[in-house]
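Q: Sequence:
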Amino acid sequence: MNPRSVEADIIEETIAECEAPAMKGEDKKCATSLESMVDFTTSKLGKDVLAVSSEAHKTDATFQNYGVVDVSKLNNNDKTIVSCHKQNYVYAVFYCRTTQNTDACMVNLVGADGAKVKAVVVCHKDTSEWNPKHLAFQLLKVKPGTVPICHFLPEDHIVWVPKN
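For the sequence shown, counting from 1, position 147 maps to 221 in the working numbering; every step adds exactly one.
Any given hint could be a false lead.
[As the list claims (entries may be wrong)] Listed next, with one range per pair, are the computed distances between beta-carbon atoms:
| # | residue 1 | residue 2 | range |
| --- | --- | --- | --- |
| 1 | N151 | E86 | 21 to 31 Å |
| 2 | K217 | K153 | 16 to 26 Å |
| 3 | V142 | R78 | 38 to 48 Å |
| 4 | S117 | P77 | 21 to 31 Å |
| 5 | K147 | K190 | 11 to 21 Å |
| 6 | D187 | P77 | 37 to 47 Å |
| 7 | P77 | A189 | 40 to 50 Å |
Keep in mind that the hints were calculated from the coordinates and are not lab data. Each residue gets a CB set at the ideal place from its N, CA and C atoms; glycine is no exception.
My request is simple: use the sequences and hints to build the entire structure.
A: Have a look at this one:
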């Protein structure tokens with residue numbers, strides 16, 4: 075691989091993210107196997123956990139509007155979740171981290187063409203330790219710690235919550 079290639083840059087970014095210290099109040103691990111992901115998750119949440127991810131049924135539409143059908147909360151009283159984000163790398167690497175004071179929900183959506191999506195949404199209720207330059211703050215024109223930040227997770231990302 076050419077060390078000056080786009081692929082090399084992506085690999086370097088993944089390694090840097092995995093080696094960087096966790097944010098205050100969080101634990102993290104770059105998991106390179108399902109076993110290491112499960113071990114990290116169960117060490118943080120206990121053995122009785124539920125894994126969820128977004129699922130989109132294929133559609134011919136490139137872009138379309140979606141409507142919310144219903145929302146169900148995944149973690150009732152426990153506000154700690156583990157989210158594992160698929161990284162760009164030459165083999166499977168998931169950046170897993172615990173987040174406190176976070177709600178996880180499953181949102182059922184339907185597209186204008188009838189396509190159905192089950193989307194995982196997480197709402198971070200305390201963003202006071204986040205980088206003020208985070209894209210969410212720029213888009214919403216808010217400051218860290220002032221409002222919850224909610225976002226959808228793409229397919230291939232996994233959220234783990236304690237079973238209720």
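Q: Holds or violated: the 21 to 31 Å window for the beta-carbon distance between N151 and E86?
A: With Cβ atoms ~41 Å apart, the hint is violated.
Q: Do the Cβ positions of K217 and K153 conform to the proposed distance bound of 16 to 26 Å?
A: Hint holds: Cβ distance 22 Å, inside 16 to 26 Å.
Q: Given the hint of 38 to 48 Å, is the C-beta distance from V142 to R78 inside that range or not?
A: Once the Cβ atoms are compared, 45 Å apart, the range 38 to 48 Å for R78 and V142 holds.
Q: Is the gap between the beta carbons of D187 and P77 within 37 to 47 Å?
A: Once the Cβ atoms are compared, 45 Å apart, the range 37 to 47 Å for P77 and D187 holds.
Q: Taking the Cβ atom of P77 and the Cβ atom of A189, is their distance within the range 40 to 50 Å?
A: holds (42 Å)
Q: Against the range 21 to 31 Å, how does the distance between the Cβ atoms of S117 and P77 compare: consistent or not?
A: Since S117 and P77 have Cβ atoms about 36 Å apart, the given range 21 to 31 Å is violated.
Q: Between the beta carbons of K147 and K190, is the distance compatible with 11 to 21 Å?
A: Given about 20 Å between the Cβ atoms, the range holds.
Checked against the numbered hints given earlier, this structure breaks hints 1 and 4; the rest are met.
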